[in-house]
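> The residues making up each chain are set out below.
There are 2 protein chains.
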Amino acid sequence: MTSDGKVCVLSGGVGGAKLVLGMSRVLNSEEFVVVANTGDDFVHLGLHVSPDIDTLVYTLAGLVDEERGWGLKDETWNFLGALKDLGGETWFNLGDKDLAMHVERTKQLRSGCNLSQVTKNLSSALGVKITIFPMTDSPVETTVETDGGPLAFQHYFVRDKCNPKVTGFKFKGLDKARPTDDINKFNGEKQRALLIAPSNPFVSIDPILHISNLKETFKESCRVKLAVSPIVGGIAIKGPAAKMMTELGIPSTATEVARHYSGLIDGIVIDEVDGEQVRQIESLGIKTFVTKTVMSTIDDKIGLAAECIEFIDYLARK
Amino acid sequence: MTSDGKVCVLSGGVGGAKLVLGMSRVLNSEEFVVVANTGDDFVHLGLHVSPDIDTLVYTLAGLVDEERGWGLKDETWNFLGALKDLGGETWFNLGDKDLAMHVERTKQLRSGCNLSQVTKNLSSALGVKITIFPMTDSPVETTVETDGGPLAFQHYFVRDKCNPKVTGFKFKGLDKARPTDDINKFNGEKQRALLIAPSNPFVSIDPILHISNLKETFKESCRVKLAVSPIVGGIAIKGPAAKMMTELGIPSTATEVARHYSGLIDGIVIDEVDGEQVRQIESLGIKTFVTKTVMSTIDDKIGLAAECIEFIDYLARK
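Going line by line, the protein sequences match chains A and B.
Each residue of the first sequence is one higher than the one before, starting from 1 at the first, in the numbering used here.
Each residue of the second sequence is one higher than the one before, starting from 1 at the first, in the numbering used here.
By construction, these hints were calculated from the structure, which means they are not laboratory data.
Treat each hint with caution, since some may be false.
Intra- or inter-copy, both count: the list cannot distinguish identical chains.
With a cut-off of at most 25 Å between alpha-carbon atoms, the simulated PhoX-like pairs for lysine-lysine come out as follows [as the list claims (entries may be wrong)]:
1. K84 x K238
2. K190 x K6
3. K84 x K120
4. K129 x K84
5. K107 x K172
6. K165 x K190
7. K84 x K107
8. K84 x K161
9. K73 x K84
10. K185 x K165
11. K292 x K215
12. K243 x K172
13. K107 x K215
14. K84 x K287
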């Protein structure tokens with residue numbers, strides 16, 4: 001099963017990282033790259049936090065807390081306790097070990113490295129062989145517009161636990177952001193596939209696709225374009241994707257995820273519980289691959305990654 | 001035992017903090033202030049660290065690790081371990097809880113607060129009622145000149161464990177530094193006493209005295225000026241003071257400490273093991289008070305503080 005070019009996985013945090021981990025057992029590190037959303041990066045307590053990159057790096061390094069899906073296993077929280085005693089801001093969970101990542105990233109960024117280089121340095125230090133490209137080296141700030149007013153993404157997501165009703169999104173800086181040199185170089189050659197991980201379409205994947213003309217560029221450079229639906233049986237396995245769809249007046253279905261990406265994707269992997277939506281999705285001109293998409297165990301992750309590759313090869317032959 | 005005005009204690013880190021803790025049990029919080037050296041403040045990993053202020057605050061808050069004399073008790077070191085895995089700089093010991101202080105201080109400084117205000121905020125958050133004034137709100141950087149070339153103070157002190165041979169000191173920024181508004185206000189009234197804690201004369205006390213005309217100002221504003229010798233039996237209880245004196249060609253004796261401060265102090269508290277130096281010191285025109293100055297227990301600290309007050313009252317009557 002050889003093919004020319006690489007697979008590019010677009011990923012947000014937890015769900016994307018699970019698929020990427022599976023992919024790392026199915027393809028070797030030269031066969032694929034990951035483009036990570038940085039739209040929910042933010043500066044907290046003076047530290048540059050890149051939640052999606054961190055989740056990817058920690059997951060690939062085997063350091064992630066698998067129960068939570070984010071942050072480090074065997075984490076301690078003594079910094080946060082002491083910060084509370086000092087009257088500091090403690091709504092964002094910063095573990096003692098995790099803090100090293102943010103402090104070191106911030107230090108390297110201040111010394112003049114761009115986020116691409118810093119991500120390489122930190123991945124490499126933790127022995128991660130998979131290539132992770134930040135979507136851009138420029139700052140992009142996601143604002144979630146809600147019935148209670150606009151909220152910085154992490155305020156919406158962590159502090160307010162996704163409770164406010166979503167009315168839309170704004171991505172400050174996205175209009176000026178450019179893809180990184182690494183992404184441009186990737187798109188300069190014909191590649192095997194673009195694979196959209198089961199991440200939040202609105203706040204994880206759209207920011208990536210909306211950088212400059214990246215959506216069109218990926219469409220041209222990649223022979224096959226496919227997505228894995230993050231919506232399974234009407235709900236999101238992790239995060240507020242389904243809630244957001246409902247609040248935006250969109251049915252929270254795999255079909256609507258497919259419609260969201262229509263014009264870009266050739267195929268979508270959906271869960272077997274959504275098998276009855278196949279005809280509806282295929283009527284959009286999008287092929288479907290129905291399987292078990294919930295990734296609880298490492299075997300689930302490897303299995304889904306292998307099926308994505310199988311589907312890529314199938315779509316490439318069409 | 002009432003007197004007009006306050007006592008101002010000039011302090012570096014561990015030794016000074018011990019005397020200040022004793023003083024806090026002898027005087028009430030309206031009767032004295034502490035002026036802390038900030039010449040060994042530095043920015044590490046992007047964080048503003050104020051070692052002497054931290055030691056004072058932690059000691060007064062009852063949080064200090066008494067065995068080490070600095071840092072927090074029940075500290076954990078998981079941040080540092082994770083930073084090591086990332087290839088970061090780990091020569092400076094940053095505990096997980098201690099980090100909260102540096103992160104919050106840095107955040108408040110970046111938001112526009114000066115170090116005076118930040119010190120008040122952080123002291124107050126930890127329930128410290130004693131007033132601590134940084135010597136200045138401007139950056140001062142201590143360089144230790146050694147036979148191997150100049151070293152930033154913390155490189156000399158922590159990284160290189162005071163091993164290099166000292167040839168001199170430089171204090172970058174000291175020529176432009178001004179005393180804080182609080183110190184100027186303090187010196188605007190007649191005060192009870194200036195008490196130089198048993199801190200390092202070269203790198204803890206001199207930076208304070210050499211700010212602007214602070215030495216002369218204290219001399220005028222304070223009725224009585226006295227010091228406690230940090231040199232006991234030819235050695236320093238903590239830190240490199242004795243080693244520095246020897247390397248600078250000065251005998252490491254209480255007499256030389258007295259000589260170092262001559263022209264400013266009226267009296268010096270020396271240890272009973274140095275009792276034979278009384279005549280020599282008094283020949284400099286400096287009165288002596290001989291007692292046990294090693295502060296191991298809380299009773300030692302209270303005892304020495306009480307004796308300093310007794311000596312202040314004695315000197316005031318002369």
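> Give a verdict on every hint.
Hint check:
no.: 1; hint: K84 x K238; result: neither (28 Å within a copy, 32 Å between copies)
no.: 2; hint: K190 x K6; result: within (9 Å within a copy, 78 Å between copies)
no.: 3; hint: K84 x K120; result: between (33 Å within a copy, 17 Å between copies)
no.: 4; hint: K129 x K84; result: between (37 Å within a copy, 19 Å between copies)
no.: 5; hint: K107 x K172; result: both (24 Å within a copy, 23 Å between copies)
no.: 6; hint: K165 x K190; result: neither (41 Å within a copy, 62 Å between copies)
no.: 7; hint: K84 x K107; result: both (24 Å within a copy, 14 Å between copies)
no.: 8; hint: K84 x K161; result: within (19 Å within a copy, 33 Å between copies)
no.: 9; hint: K73 x K84; result: both (22 Å within a copy, 17 Å between copies)
no.: 10; hint: K185 x K165; result: neither (40 Å within a copy, 53 Å between copies)
no.: 11; hint: K292 x K215; result: neither (28 Å within a copy, 77 Å between copies)
no.: 12; hint: K243 x K172; result: within (23 Å within a copy, 57 Å between copies)
no.: 13; hint: K107 x K215; result: neither (32 Å within a copy, 38 Å between copies)
no.: 14; hint: K84 x K287; result: neither (52 Å within a copy, 48 Å between copies)
Of the numbered hints listed earlier, those contradicted by the structure are 1, 6, 10, 11, 13, 14.
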